[in-house]
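Work the whole structure out from these sequences, hints included.
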Amino acid sequence: MAELTYRDAVSRAIAQEMARDNNVVFLGEDIGKAGGVFKATVGLYERFGPLRVRDTPISEQAILGAAMGAAMTGLKPIAEIMFSDFLAVCFDHIANEMAKNRYMSNGQLKCPLVVRTANGAGSRFGAQHSQSVENWAMMIPGLKVVAPSSPADVIGLFAAAVRDPDPVIFFEHKSLYGMKGEVPDGEILDTLGTAKILRPGKDATIIALALMVGRAMEAAERLKAEHGIDCEVIDVRSLVPLDTRCILGSVAKTHRLFTVEENPRLCGWGAEIASIVADESFYDLDGPIVRITTPHLPLPAADNLEDVVLPTVDRIVDTVKRSMA
Amino acid sequence: MALANNKQAATPAARNPSDKPSSASGPEFAKEQELLALREMLLIRRFEEKSGQMYGMGLIGGFCHLYIGQEAVVVGLKMAMQDGDQMITAYRDHGHMIASGMDPKGVMAELTGRRSGYSRGKGGSMHMFSLEKHFFGGHGIVGAQVSLGTGLAFANRYRKNSSVSLTFFGDGAANQGQVAESFNMAELWKLPVIYVIENNRYAMGTSVSRASAQTDFSKRGLSFNIPGEQVDGMDVRAVKAAGEKALKWCREGNGPIILEMLTYRYRGHSMSDPAKYRTKEEVEKMRSEQDPIEQVRTRLLAKKLATEDDLKKIDAQVRAIVNEAAEFATHDPEPDPSELYTDVLA
Ligand SMILES: Cc1ncc(C[n+]2csc(CCOP(=O)(O)OP(=O)(O)O)c2C)c(N)n1
Ligand SMILES: [Mg+2]
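Sequences listed follow chains C and A, in order. According to the numbering used here, the first sequence is numbered sequentially starting from 2. According to the numbering used here, the second sequence is numbered sequentially starting from 76.
Some hints could be false.
To be verified - The calculated lysine-lysine pairs, modelled on DSS-like cross-linking and capped at a C-alpha distance of 27 Å, are:
{"id": "1", "chain 1": "C", "residue 1": "Lys181", "chain 2": "A", "residue 2": "Lys351"}
{"id": "2", "chain 1": "C", "residue 1": "Lys111", "chain 2": "C", "residue 2": "Lys101"}
{"id": "3", "chain 1": "C", "residue 1": "Lys40", "chain 2": "A", "residue 2": "Lys355"}
These are calculated hints, taken from the structure and not from any lab test.
Encoded structure:
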């Protein structure tokens, strides 16, 4: 076991996969010599060299196009899109190309690539550098979508993403890069499509993703200590495939469901989960499903405004307490 | 004073809007012009130095990209522009806003995320606008402003007015796909747009030679028939002269033109940049040999158009404006949270 930051976990994960498979190549803006703008790829250029760790021009369409072109021939590219907001700049490759080539080619073409990108708010970067856009990826058939909340999950899920035969959009949270966590030694490989129960509980289920997982955990501790409400906290980790068994199982036990989502409200991932639970487990529910989200707004830059829009521990505690009263 | 990599402009003869390349320094400035250029460039420099300090003190958060070193580009062009000409740029935008005549208090208050900021705290350093001053932002997505600036020119042409869109972007942004699309459309439709490529030699941590196959950005329009020139972007006179010719070219209906401004940023890409990709000596050399403000100061003194005392006075006036802006932006209240819900939609 070693303590590692989330950012160091990213570079360890990439190194783990590059070391075991020569077909893995890595490309993106300032990922090599500069070690990444979030310093999440430090040391890879030195270790694997400029052929396998490629600094690119600021050309997102060409980055994803090149990654996908190479993937169609069997390489396993990892492409970095520096901020997830910029997925919009190269969205054609995401929405129309990589997600569909297997299907349209009768399974001949494969697209084993990973697009890593820094997602989420918390740094006062404003509306074009702070969005949580996992739902942009989730809505497209043909993609897998992952968003880890801890250093150990970064490594395990990233390895699974690289080894997966399909295109995976891998959302790292930029406010988690400094987070520390225990990470086992040696190779780590996790399974896509698996959620994790981080805290068992009997009164209500709280489902969260990425940065919101820590806040949900803290809220659960406070709900128990201050209000005697015992919450089960689930880290979804993977939106596609989605671990519905874990979610429905938990709801069957607690009979209440809350989601904590950083994305703007309309069409957030929690809406899809609410719909599934309403379909499958309506009679397990003792009350309405409640979504705790960022309001449906572009993200503001000012400190006080950004702080007030994101779901906070206080807001989670208050909402759960009120709904359970 | 030309930059080391300053080459002759290479444009197809038939499409060259000028007899001689403007990379040579422009005609001498009269005293008033020198003083105006000095004042404007100093205002930007002192504003940016103050922003840097305030960032260090935690009063400014998020991103903050300083324009220090590049002042001559926007100031020289502004001196050539006429009322009604528009500017649009990326996130390194404080200099453009100040040159546009926007109030330093409002710009600084946006940097500190306060309610009197140009965007009421909702935009931040990278996203500010002033329709009144014909400044169209302030854009955080690299390259996006290039097609938007083309659209400003489209509207000018549609309205048959004489305004020109000055569309600024960096050497790094030049490698965005939408730049090529915009170039083609602008030339096809003869849109009055000056593509001002601010080549400050780096895009974040990547030098031009590591990112660009063609490092002479004035040639980037060749395959579209767009003429281009390299300009010494550290010499405000050269910039103004090139700007005047390019504006004339556009106003006469000849379509777009590219001005590659050879310039340099002294500070890191943003406030969080350790700048390991270049040496301290490189920065020091540019500062000591080509500084755009020092050039004007030296000329003013050498020609005895001003005394040291005069220059000190100007600096004091500029500092007073900046200090007032900083003071204002420190004490202006935070935005009211009810602001969150205004202007999402009309
Ligand atoms: C589409 C997009 N890709 C990447 C970025 C991240 N980024 C911000 S600034 C920058 C460098 C741009 O360099 P350049 O165009 O030369 O402008 P400069 O910063 O030198 O003024 C990069 C890569 C971005 N904001 N948008
Ligand atoms: Mg640059």
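Now the hints, each set against the structure:
no.: 1; hint: C/Lys181 <-> A/Lys351; verdict: 26 Å, holds
no.: 2; hint: C/Lys111 <-> C/Lys101; verdict: 10 Å, holds
no.: 3; hint: C/Lys40 <-> A/Lys355; verdict: 22 Å, holds
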